[in-house]
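Peer 1: These are the residues of each chain, in order.
Protein chains: 2
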Amino acid sequence: MLAVALGFSAAQPASSQRAQTGRADPLPSWNDGAAKRGIIDFVTRVTREGGPDFVPVADRIATLDNDGTLWVERPLPAEVYFIFARVRELAARNPSLKERQPFKAALEGDAAYFHEAGKKAVLELFVATETGMDQERFAAEARRFLEKWRHPKLDRPFTEIAYRPMIELLAYLRRSGFQTWICSGGTIDFLRVFAPQIYGIPIDQIIGTELKLESRMEGDRLVVWRLPEIEAINDKEGKPVGIDRQIGKRPIFVAGNVGNYGDIAMMQYSKGRRGPSFQLLINHDDAAREFAYGEKDNASLSSAKKYGFTVANIKSDWKTVFGIGQAAAAK
Amino acid sequence: MLAVALGFSAAQPASSQRAQTGRADPLPSWNDGAAKRGIIDFVTRVTREGGPDFVPVADRIATLDNDGTLWVERPLPAEVYFIFARVRELAARNPSLKERQPFKAALEGDAAYFHEAGKKAVLELFVATETGMDQERFAAEARRFLEKWRHPKLDRPFTEIAYRPMIELLAYLRRSGFQTWICSGGTIDFLRVFAPQIYGIPIDQIIGTELKLESRMEGDRLVVWRLPEIEAINDKEGKPVGIDRQIGKRPIFVAGNVGNYGDIAMMQYSKGRRGPSFQLLINHDDAAREFAYGEKDNASLSSAKKYGFTVANIKSDWKTVFGIGQAAAAK
Numbered sequence: 001m002l003a004v005a006l007g008f009s010a011a012q013p014a015s016s017q018r019a020q021t022g023r024a025d026p027l028p029s030w031n032d033g034a035a036k037r038g039i040i041d042f043v044t045r046v047t048r049e050g051g052p053d054f055v056p057v058a059d060r061i062a063t064l065d066n067d068g069t070l071w072v073e074r075p076l077p078a079e080v081y082f083i084f085a086r087v088r089e090l091a092a093r094n095p096s097l098k099e100r101q102p103f104k105a106a107l108e109g110d111a112a113y114f115h116e117a118g119k120k121a122v123l124e125l126f127v128a129t130e131t132g133m134d135q136e137r138f139a140a141e142a143r144r145f146l147e148k149w150r151h152p153k154l155d156r157p158f159t160e161i162a163y164r165p166m167i168e169l170l171a172y173l174r175r176s177g178f179q180t181w182i183c184s185g186g187t188i189d190f191l192r193v194f195a196p197q198i199y200g201i202p203i204d205q206i207i208g209t210e211l212k213l214e215s216r217m218e219g220d221r222l223v224v225w226r227l228p229e230i231e232a233i234n235d236k237e238g239k240p241v242g243i244d245r246q247i248g249k250r251p252i253f254v255a256g257n258v259g260n261y262g263d264i265a266m267m268q269y270s271k272g273r274r275g276p277s278f279q280l281l282i283n284h285d286d287a288a289r290e291f292a293y294g295e296k297d298n299a300s301l302s303s304a305k306k307y308g309f310t311v312a313n314i315k316s317d318w319k320t321v322f323g324i325g326q327a328a329a330a331k
Numbered sequence: 001m002l003a004v005a006l007g008f009s010a011a012q013p014a015s016s017q018r019a020q021t022g023r024a025d026p027l028p029s030w031n032d033g034a035a036k037r038g039i040i041d042f043v044t045r046v047t048r049e050g051g052p053d054f055v056p057v058a059d060r061i062a063t064l065d066n067d068g069t070l071w072v073e074r075p076l077p078a079e080v081y082f083i084f085a086r087v088r089e090l091a092a093r094n095p096s097l098k099e100r101q102p103f104k105a106a107l108e109g110d111a112a113y114f115h116e117a118g119k120k121a122v123l124e125l126f127v128a129t130e131t132g133m134d135q136e137r138f139a140a141e142a143r144r145f146l147e148k149w150r151h152p153k154l155d156r157p158f159t160e161i162a163y164r165p166m167i168e169l170l171a172y173l174r175r176s177g178f179q180t181w182i183c184s185g186g187t188i189d190f191l192r193v194f195a196p197q198i199y200g201i202p203i204d205q206i207i208g209t210e211l212k213l214e215s216r217m218e219g220d221r222l223v224v225w226r227l228p229e230i231e232a233i234n235d236k237e238g239k240p241v242g243i244d245r246q247i248g249k250r251p252i253f254v255a256g257n258v259g260n261y262g263d264i265a266m267m268q269y270s271k272g273r274r275g276p277s278f279q280l281l282i283n284h285d286d287a288a289r290e291f292a293y294g295e296k297d298n299a300s301l302s303s304a305k306k307y308g309f310t311v312a313n314i315k316s317d318w319k320t321v322f323g324i325g326q327a328a329a330a331k
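Note that the protein sequences, when read in sequence, are chains A and B.
The opening position of the first sequence corresponds to residue 1 in the working numbering, with each subsequent residue numbered one higher.
The opening position of the second sequence corresponds to residue 1 in the working numbering, with each subsequent residue numbered one higher.
If you're looking for bench data, these hints aren't it; they were derived computationally from the structure.
All C-beta atoms in this analysis are idealised placements derived from N, C-alpha and C, irrespective of residue type, glycine included.
Errors might be hidden in some of the hints.
Going by beta-carbon spacing under 7 Å, a handful of chain A positions derived as facing chain B [to be verified]: (1) T131; (2) Q135; (3) I203; (4) L213; (5) R221; (6) L222; (7) V224; (8) E237; (9) V241; (10) D244; (11) I247; (12) G248; (13) A265; (14) Q268; (15) G272; (16) R289.
Heads up, simulated DSS-like pairs for lysine-lysine below, C-alpha to C-alpha not over 30 Å straight-line [said to hold, decoys possible]: (17) A:K212 <-> B:K120; (18) B:K212 <-> A:K119; (19) A:K271 <-> A:K236; (20) B:K249 <-> A:K249; (21) B:K212 <-> A:K120; (22) B:K271 <-> A:K212.
Assemble the whole structure, with the sequences as input and the hints as a guide.
Peer 2: Written out as structure tokens, the structure reads:
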């Protein structure tokens, strides 16, 4: 209910939104700076009826990356910890896994192994832990994980690792008539379990990596079954493709982050729109309050410079990093 | 604008919807009979707050097939005529195509050839005519077709081959808080060009057959390019998979048609929902007003009997078949 109610709140008349957003600072957890001013200026311009940059509500599409943009992705993304938790359950039933890689590294929470071994190792675990069940069973497993496990470094539930400034941004965009979509490299089905509660984003506004699925009869009941194969990876050049498939319009607002080259193509796609657009790139430079990391060749920051994306540095642009609950998403 | 405004009208409070729908016959083009009574009874039950079958707005998902359910699919589906029109343009530039099958049959409008040669022949034409361009160019081509060409048997624009009773049903469902999605075997990109105008369905509520796509740079501009390969056929057992991917919930209301076995799995999927659901199967038995056709083994009608789907016979259940324009969808 919550999720759809929020999705539909985008249908508020623009005039009442402006009255609302004009009343107070829409982004109180952001320091005054180029990023905050850029966001507010853009939203004001595209929602000003009769103005030269006005964009009708139907085209106010925002797509935001999740891991590293809306919530923490270090030492490893939450979905990887979910996979680790599932491996523990498998190893309890089949102890020989304890001696086999990549299961051994998963059981030991060895993030370094996975940064070294790369996607192939994660994929092997993924197939072993997230497939071979129907969609309803998977959702129940993911829900159980989120209720039970805590982030290993931040020592808090995974439902509380979202960035407060970004939750405010989502609410501000929606109040301004935007549809807020997630466009993540994580799997769509994992995202669906927490996005409505944490971000106020309904499950049909999530674009993610997709598993191969098939219809299967279980007795007289048709279920959608998770096959052990990835169908489409929603990362890098895959993101514009995922957006085209599920939305069919170039986003006018995108947010992504430095760290894995994952959002450059999505930002270029948005920039290629005829008409106004805004690209926000989160830069993880704050080891004290979060995690500091980047790219060896600075590709994301370089393309920000080249194409005119706006960079938000966590250290200087965010007054507060965490500390907002479910209630805020409902605003 | 129209499309999204209509999509969002689903957010009306249930009470005002009931007042509205109680006022007049919500389905004036339907004869009084089991199908009409079944639909109205179902919608009334699931929208009655506090009633035993009440379904919250967030779960009021309706998925409707397009060809043969919302509009005419005979002698051939509209998208096939679009492909034929594109073949003519290709043949004008490359006359040798006139002697080569399946191009020859396409140029002669030889429906019998395609019913015989089957999907492989259509696929060959599809690749030759609908791929190798970016999405924006494709949309422009499809729009040009719909503005220019007329249905060969009904002698009217393709924008006027929708069934009036189904347009009324879509509007009735939306007034009752349902999200109305198309779930079609046609390609998502072709559907997107006309669904907002004809059905009041926004382009992000369309599930269809998907082409393989890729991100590609054209100079400094990133475009989504149509590759010569089908990625996912959204027909038969593919439909529950498509619905899971884009909506993530079992539909409580589905509509499909007899003729190509295309909607049985989608209906079983809906029927497998825990809680109330309704499945409507359109039976094409009216050669005088439309086209009469069925399946040799009566598979769709048999499964209607077995699972309890509701059959609507065009001859007896529809007072009027055609004759409604864009204006009606806006109601």
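Peer 1: None of the hints should be skipped; say for each whether it holds.
Peer 2: Checked hints:
no. : hint              : verdict
1   : T131              : violated, 14 Å
2   : Q135              : holds, 6 Å
3   : I203              : holds, 4 Å
4   : L213              : holds, 5 Å
5   : R221              : holds, 4 Å
6   : L222              : holds, 4 Å
7   : V224              : holds, 4 Å
8   : E237              : holds, 4 Å
9   : V241              : holds, 5 Å
10  : D244              : holds, 4 Å
11  : I247              : holds, 5 Å
12  : G248              : holds, 4 Å
13  : A265              : holds, 5 Å
14  : Q268              : holds, 4 Å
15  : G272              : holds, 4 Å
16  : R289              : violated, 34 Å
17  : A:K212 <-> B:K120 : holds, 23 Å
18  : B:K212 <-> A:K119 : holds, 23 Å
19  : A:K271 <-> A:K236 : holds, 15 Å
20  : B:K249 <-> A:K249 : holds, 23 Å
21  : B:K212 <-> A:K120 : holds, 23 Å
22  : B:K271 <-> A:K212 : holds, 23 Å
Comparing the model with each earlier hint shows violations of hints 1 and 16; every other hint is respected.
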